[in-house]
Amino acid sequence: MTDLLTPAESEALLLSLRVAFVAVFAAMPLAVAAALLLARARFPGKVVVDGIIHMPLVLPPVAVGFLLLTIFGTRAGLGGWLFQTFGIRFVFSWTGAALAAGIITFPFQVRAIRIALESADCGLDEAAETLGAGWFDRFANVTLPLAFPGIVAGVITAFAASLGEFGAIITFVSNIPGETRTLPLAIYTALQTPGGEVEAAKLSLLSILLALVFMTLAEFLQRRMRR
Amino acid sequence: MSVEVALHHRFGPFSLDVGFKIARAGVTALFGPSGAGKTSVINAIAGLFRPHEGRIVIGDRVVLDTKADVFVPARDRRTGYVFQDARLFPHMNVENNLRFGWRRAQNPASEGEIAHVIELLGLSHLLPRSPKALSGGEKSRVALGRALLASPDILLLDEPLAALDAARRGEILPYLERLRDETKLPMIYVSHAVDEVARLADEIVLLSDGRTVEQASVFDLLTRLDTGIDPFGAVLETEVQSHRRADRLTLLSFDGGQLIVSRIARPEGARVRVRVRAEDIMIAREEPRAISANNVLPARVVAVRQNDGPQAEVQLACGVSRLVARITRASVARLELVEGAPVFAIIKSVIVDSSH
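Protein chains in written order, with numbering that gives the first Met the number 0: chain A, 0 to 226; chain B, 0 to 355.
Same shape as in the complex, but just chain B:
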């Protein structure tokens, strides 16, 4: 299912001028600072906001085309919208909330599919409860389930974690990961938290001041130096190669080499996304021999960005993967890190995301 969005709208001095295409299922993050126009974009996709000009296509359905005077109302768009504040119906219990969209769906899910969604989101013990008796995290999960059971063609998530504290966020993220991996729905995920995006998104549409600045894969965009976002050290799609049981370690391979991480409970061949923070990458000009770090990867300097502070960011190529090390400007000078210089990236710690 592909999605095509192009819209233009003026709100007084602020103008929205956004265009992007999503070619396949997976999570596309609409990423940018508050006030960049992210929510207006998904409201336009859902039909809750009618832009002055625009064209939106979901799959093969044109839901908005101002030139041809096409405006499909929200109720007929089949977009599953998960609002930031959940917006559960307070006068219905959880089960009736979940079934609200299902009752009105054109191709309602079977009872088996409903049971599956309830299981996937861990909702079975909540069904008879009133939304007022739910925690913030539970509300988010019910809102997700309600949107899913309306059999949408696309899922729109407006910062579903923003209203939650860190612990609750950690509780919801695995559910979102399962959803991403199990459903074949395109998901548009609005966020201004780079961590969430690095963990969940496949593709990023970067918005700033109402404009699309960039669209690229999460693996590429978060390790670039020219986007205005603080770059990540690395976001890598890896495969479990083997487990070293005696050492309690797992060997992951990716297109730039191998990584050794603490043992994870995934079978060989499973795909696992890992992240590295830029602060956790060191650079050596010669291969370090006696060193405690397990992960030392040969790499090449691609670019160096220095700003006013004492820090510098060094972008490295490791196979086709990119890494970014955040080191001091003094080190950049001392190691003579210039474009093309061969180096070794020492990775101090790896964050493994997909733990299910």
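Chain A on its own, in the form it takes in the complex:
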């Protein structure tokens, strides 16, 4: 790899993978909970909750980044408190990039998991209940295993999408080499540099390869699990 990529390029690649990984896995429990809520629960205002969860799909990512800045900036309320109390700082940090990517790709996860939960028959839940299983038991041993292919599909799709997140990241955590400069930001930077077209093309090709690998993996895993 070191032969093919410059240190700066492999740094951007590894950072992208790390950001996407943390973004997806930190959001996953919340995504499962949200999907469960939308698939199984009936409550007033469900449409509104559904809308809020899916908002990142339609909002401009730059707006999401700006929103995050106003909430988690070190001079903002929550961000300031986190920074002063725990020393946690999202802005200008790769964890902030993960937060932004996690929020943008959250709807992908929720949708895939929700569809899986809805196709996992409710009748099996009732059957498990008559056989003596409590709610957590049923969730862990019936609902979750049946929804597993959907969860995997959602996770991989969200992962691939996280690798490509640009607007929210650059707005929220800026474009810092080695810290927040993921692949798309590196491509953007290359294009801003005179004579950087070859560099941009190389990084774009890398992005395409990554996307292909993960989408194929998702398809393969889903087919295997459906059997």
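Honestly, I wouldn't trust all of these hints.
As the list claims (entries may be wrong) - Label-pair ranges, simulated between beta-carbon atoms: (1) B:263 <-> A:114: 53 to 63 Å; (2) A:45 <-> B:208: 30 to 40 Å; (3) B:121 <-> A:117: 34 to 44 Å; (4) B:308 <-> A:45: 40 to 50 Å; (5) A:53 <-> B:71: 53 to 63 Å; (6) B:162 <-> A:85: 54 to 64 Å; (7) B:13 <-> A:114: 28 to 38 Å; (8) A:53 <-> B:121: 28 to 38 Å; (9) B:177 <-> A:20: 49 to 59 Å; (10) A:80 <-> B:70: 41 to 51 Å; (11) B:177 <-> A:219: 43 to 53 Å; (12) B:75 <-> A:121: 44 to 54 Å.
By construction, these hints were calculated from the structure, which means they are not laboratory data.
Ideal Cβ placement from N, Cα and C applies to all residues, glycine included.
Since the structure of chain A is already known, use the hints to place chain B on it.
What follows is chain B alone, placed relative to chain A:
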């Protein structure tokens, strides 16, 4: 183990108003047309449906009492529910399906008892298979086994045969009969098929439009003319009296006399349920002498029901047993069949159920 059910619920224009008691083990059929509320009743017993008002007692456990605000959740009710569509867990093999309830039971069955249930239902060769690789009949049997191994106090069966074709039904019924005869569990069997009920049930709770119309023994209810169900000719509990080996026949006795049937492989003294279709009973005013039928029973006319068609149903008393003959209205008039008339019932064929 006794069961007491009383419930009331409104679903928009439809209201459910059902009450019955089961005093002993055996099969109680919840019988009635589709939409009579049968499934809602067993869902209420299982705890899957919470009626507006009601009280359900299983043995000595009050599992529902809306007045006292008692609602035991489904998971703690110990009801073995066999769903119409089996509802096996697709991500587990047959063995893990069977053991799902067992693992969660308060008094789990011993390995010996598990082996017995597996043998009883003929499941041993299916254990490592996925439910997806099972036939409809096999799925039903696994669902039965899974419910049994959860050590329930009562078994609820929601038309377990409805999704199967006639051949598969014939394959499952003997298993259900064995279950009825071997386990001491009360079983509530939801069905709208009179044949299944006549074959399996001891007691019938008749539902119509969400109401309990009648509760009586299967021997009585299916040979009554006033229930709205097409009556059966006879459902009789008989005892094997002797085998006539040379003729390849078996002599069965019941409280109204004797029946001769093709030889059956049961020992003398064994109890055998037989059925006769109403079309297979003829009526004679005088004892027929030269006749091919083996079974001619002296009887007395109890009631006659005529409707618009050419047919009439004549209810006969034969000892304490009841028979119903379906003959033409013309014959009723010609033979002057009125209440109390002494007659002879000629039984053309007898269906023997318990063949195990």
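Outcome of the hint check:
1. B:263 <-> A:114: 53 to 63 Å: Check passed, 56 Å falls within 53 to 63 Å.
2. A:45 <-> B:208: 30 to 40 Å: The hinted range 30 to 40 Å holds for residue 45 (chain A) and residue 208 (chain B), with Cβ atoms some 35 Å apart.
3. B:121 <-> A:117: 34 to 44 Å: 36 Å, holds
4. B:308 <-> A:45: 40 to 50 Å: 56 Å, violated
5. A:53 <-> B:71: 53 to 63 Å: 39 Å, violated
6. B:162 <-> A:85: 54 to 64 Å: Holds: the Cβ-Cβ distance is about 59 Å, inside 54 to 64 Å.
7. B:13 <-> A:114: 28 to 38 Å: Given about 33 Å between the Cβ atoms, the range holds.
8. A:53 <-> B:121: 28 to 38 Å: 51 Å, violated
9. B:177 <-> A:20: 49 to 59 Å: For residue 20 (chain A) against residue 177 (chain B), whose Cβ atoms are near 57 Å apart, the range 49 to 59 Å holds.
10. A:80 <-> B:70: 41 to 51 Å: 45 Å, holds
11. B:177 <-> A:219: 43 to 53 Å: Holds, at about 47 Å.
12. B:75 <-> A:121: 44 to 54 Å: Taking Cβ atoms as reference, residue 75 (chain B) and residue 121 (chain A) lie about 20 Å apart, which means the hint is violated.
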